[in-house]
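Participant: Sequence:
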Amino acid sequence: MGIQSTLRLLARRRRPVLSVVLLVGANASVARAARSLLNQQSVDGEVLALVMDSCPPPEREALGALARRNRRVRVIEGGLGTVLEAARGRMLTIMSASDAAARDGYGTIPADGEVHLGGARPLAQGPGPGVPEPRRLTSITSAPELLDGFIPGRVVAPASAWVTAAAGIGDAAPQEAARTAALRLVLGAQPVLVEPADLVLVGAVPKPGWDADLSAVASAIAADRRLLAGGGEALLGVLHGRALVDLAAGAPAQPDDAVERLRAVTRSALPDADTVAWGALPFSDRLLLWVLGHAGSADLLEVLASRYEDTPAVPLTAAAGGLRADPPVLERIAPVPAQVRAVTDADLRIHQVLRACRWIGEDGLLLEGWAYVPGVDPCADPGPEVVLIGVDGREVARADVERIAAPLADLEAEDPWRSYTGSGYRATVSLAGIPSAPMRVQLRLRVAGRLLEQPVPPPLGTRRPRTSATGWSAAADGGALVIRPSAAGEAPPGAGGLAPDGVSVARASLDGGRLRVGGPGPVPADLAITAAASSGRFPLTTTVAAGGWAAELDLADPSLPSGGFVLRWSAAGSEGRCVTGAALDGPPTELAGRVRRVRLRPQADGGLEMSIIAPVDPQYRSRYGRRLLIEEDWGPLVPGIFFETFSGKSAGDNPGAIRDELIARSTPVPLWVSVRDGTVSVPAGATPIVVGTPEWFRALRTARLLVVNDHLPHWFTKDPGQRLLQTWHGTPIKRLLNDAPPTSVTLPYRRLMARQAPQWDLLLAQSPAAAADLRHGLGYAGQVLVGEQPRNTGLLGGQAKAGRVRAQLGIGPAEPVILYAPTWREGLRRPHQDASELLDAGALARATGAVVLLRSHHMNSLRAHADRVIGVGRYPSVEDLMLASDLLITDYSSVIFDWALTGRPALLHLPDLEAYRDRERGFYRDWPADSGLPVTRTQAQVQARAAELLAAGPVPAVVDPAPIRASLDAVCAWIDTVLPGAVPTRPGEEEPHE
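Note that the sequence shown ends on residue 999 in the numbering used here; no numbers are left out.
Because the hints were derived from the structure by calculation, they are not lab data. Given the structure is predicted, the values throughout are model-derived calculations rather than measurements. Mixed in with the good hints there might be a few duds.
[Stated by the list, open to error] Label-pair distances were calculated between CB atoms; the ranges are:
1) Asp923 with Asn75: 44 to 52 Å
2) Glu557 with Met57: 33 to 41 Å
3) Asp331 with Asp277: 21 to 29 Å
4) Pro688 with Ile365: 50 to 58 Å
5) Thr982 with Ser564: 49 to 57 Å
6) Val210 with Gly640: 50 to 58 Å
7) Ala957 with Glu417: 55 to 63 Å
[Unchecked claim] In the DMTMM-like style, the derived pairs of lysine to aspartate or glutamate whose C-alpha atoms are separated by at most 25 Å in a straight line are:
8) Lys654 with Asp610
9) Lys212 with Asp917
10) Lys654 with Asp562
11) Lys806 with Glu666
12) Lys212 with Glu265
13) Lys723 with Glu700
14) Lys212 with Asp251
15) Lys212 with Asp766
16) Lys212 with Asp261
17) Lys723 with Glu637
18) Lys723 with Glu307
19) Lys723 with Asp981
20) Lys806 with Glu820
21) Lys806 with Asp974
22) Lys212 with Asp974
23) Lys723 with Glu636
24) Lys654 with Glu666
25) Lys654 with Asp590
Every residue gets a Cβ at the ideal spot worked out from N, C-alpha and C, and that includes glycine.
Construct the complete structure from the given sequences, taking the supplied hints into account.
Facilitator: Structure below.
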């Protein structure tokens, strides 16, 4: 036998340290799960895959291929007991293949024969704000809160203990059997070793539906009750509290009998206020579950709504004997038992951010950041203490700590009730004379007489070690900052960021409305930089020179969406992520501009993420700063008009048409236009104001007249003397609010509209039928002005305007043009979705020879990514697009009533008619039968009918201006009653004679 064969045989005979049983079911992602396990550092392990009947064939094939390539992966036939018996590792855990192992989490657990309990977090979520202290519990009942979010992958125990725990479970499905065995292990272990790291990243699994979820939770509670019989029933509320909270969030859309079943299930897990589980749940969840199980329906709805309107943040105030939870919602519901309201350890968790970590002098370490307990005024207690803890758990050194301002702490706190700007600290500690051994950095806070401790997290930015001149290194160990002797090969002082594996971004700036980034060379001559997002890739204008590269992005381009991006490079057939250069490494860099702002966020792995955001200062973006602006006294009303279209996403629609009419008449009053950022164009004669800025709040609060086409923020209430003109945004085809199925309208929106509709002073409607539908659907009982939509003044431009629009879009004057303008769908809210499931615009363009303009609804983000398909979702005027088009294809959108004014052909493409009519929204009257328009249901049908309609040749748009002018005149006459003298006569007209 050769040496290599002998080594392979010995490797097979060697017993691994850890066996991971991988449950491969319906939602498996074999490649992700297996890769996360096999890449664990310091783990000599094996993966035993148990394939269930629900596993999709592609995942089954991927698993088989992986097992053939890697001897550490085995596929075991049989049930859970069979797999456990086949395990060769000294320690074992069970993980779902829909999840992934946290980076190096399992590698931190020794093979010591004990039962270990680690943490878990959602796969899409970064590490939490703090890392729990390692603990040795005599029993899990002393810290029941650790059972929140319990899954088997959080438990690592001897393989033999798993076999014993799984004995006698019977014919349960592998998932249920694994959970029962894991729970038995944790409940019976003395001690339980609590690990200070997440072990599992939980993948998102599609929900079968609210009723099915409720039945599953009820069955799980019943099963756990049998398991916990004899003293552990009090833990049911902790084990299932999170699932009950999720079900409660969907309760307003359910029938009364279903909600009553949920109430009964909740009472079975949390029968009274003395149940120990209450203290293990955070206050916002305790309150919700209390009213769910033990209060009336009105209180349940109030608490659910408060989680959106007030946020889940809970202010904690000093009271006799400690702290008291004081959320405003308590003033609006029946009294809550003291046991539920009492502040517990579950409410007192330190939130930390370390913004800077650097060496000063030869062996001095400086740390800057902030630390607070959410809900507690940071200035009400002593500042933090920072100490170094050795491997034996003893304090080695104590830092000198001073308080400093933390102006950005409020921004990420998401707390409207407290400011945390006083939570900043600067700590310095000298390592002179300290023995050369690893230490972790620990932070302590004293809150209301309680001492809270938590490891200090690594600093923001990449996870490169920071090394001192005397051989110390400050580095990340999981989610904690450790100080240890430098390892061979670590970067010397001042060595910059991670070694670049591609293109390094070393600088960034804003010049007007242009973002400029760049980095060093050498780089390939054909280098291209792009900003990649779920909505697409957006190229930067890239140049390469001898000294490096530079790239520009036009932030004023309205086709560039706001949101998050990853900077990527490509060249010579290769591509990758850009990496963070040393100058940008650390906390996020925010670049302020008039059009938009940019935040650059270095990632732990060296990548660089970018956010394009509205030009609003950080103090006004925070929940706390926003509440101060909401409560500010902005002074008396002034003779001015505030306009808003779709929350500032546009400056057009009906409010824009009314504004333009007033500008044309040379109104003497100021006109303020709400815009979300500088990409929204506002004509001369009006003043743009960015949503969320002090200027926006001042205009909204002091303008005597408000003209909007949708709702205002949930907190808005008119001031005495203010008038509100609600133009709405079209004739409803889809059922609205009070007429729509309960599942299609959220509780916050119902409450918002119930408050705001009575505040409207005038509502516009396109027809008497529309007026009736709007009144009933929106719950409005005030004055209605029936007339043509003011926005349709945009259809009066004729062929001259149509030619200009076509030229602007790069379309020839003789080319046929189809405007595809579908309405919004809940399932298309996510920006990565495209319109192909409704209509393949590229195939339509090829079949008809037309240019297809894809007009995405403002609540959806549909992408145009085919030849002769142009995305016009952010084009400022849909009326201009209608003038430039020969054919309209739509579905349930009110645009069809405006298009009818042109006299041009239209068709309704309704591939999801039954689903939209019967489940999602429903229609007024008998749509589409009463539309009189051709209807298609398939891609082949829409292509054939569109080609037929286009073959008849272009139809000139002849729009009668009289109804539109009459409507504008009526609106202006009403405005003149609110602001006398604000509406001069139209140029060329005379004042009427008495």
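Participant: Each hint: holds or not?
Facilitator: Here is what the structure says about each hint:
no. : hint                           : verdict
1   : Asp923 with Asn75: 44 to 52 Å  : 49 Å, holds
2   : Glu557 with Met57: 33 to 41 Å  : 52 Å, violated
3   : Asp331 with Asp277: 21 to 29 Å : 24 Å, holds
4   : Pro688 with Ile365: 50 to 58 Å : 55 Å, holds
5   : Thr982 with Ser564: 49 to 57 Å : 41 Å, violated
6   : Val210 with Gly640: 50 to 58 Å : 53 Å, holds
7   : Ala957 with Glu417: 55 to 63 Å : 59 Å, holds
8   : Lys654 with Asp610             : 35 Å, violated
9   : Lys212 with Asp917             : 21 Å, holds
10  : Lys654 with Asp562             : 14 Å, holds
11  : Lys806 with Glu666             : 18 Å, holds
12  : Lys212 with Glu265             : 21 Å, holds
13  : Lys723 with Glu700             : 17 Å, holds
14  : Lys212 with Asp251             : 11 Å, holds
15  : Lys212 with Asp766             : 43 Å, violated
16  : Lys212 with Asp261             : 21 Å, holds
17  : Lys723 with Glu637             : 14 Å, holds
18  : Lys723 with Glu307             : 22 Å, holds
19  : Lys723 with Asp981             : 19 Å, holds
20  : Lys806 with Glu820             : 16 Å, holds
21  : Lys806 with Asp974             : 23 Å, holds
22  : Lys212 with Asp974             : 52 Å, violated
23  : Lys723 with Glu636             : 13 Å, holds
24  : Lys654 with Glu666             : 21 Å, holds
25  : Lys654 with Asp590             : 33 Å, violated
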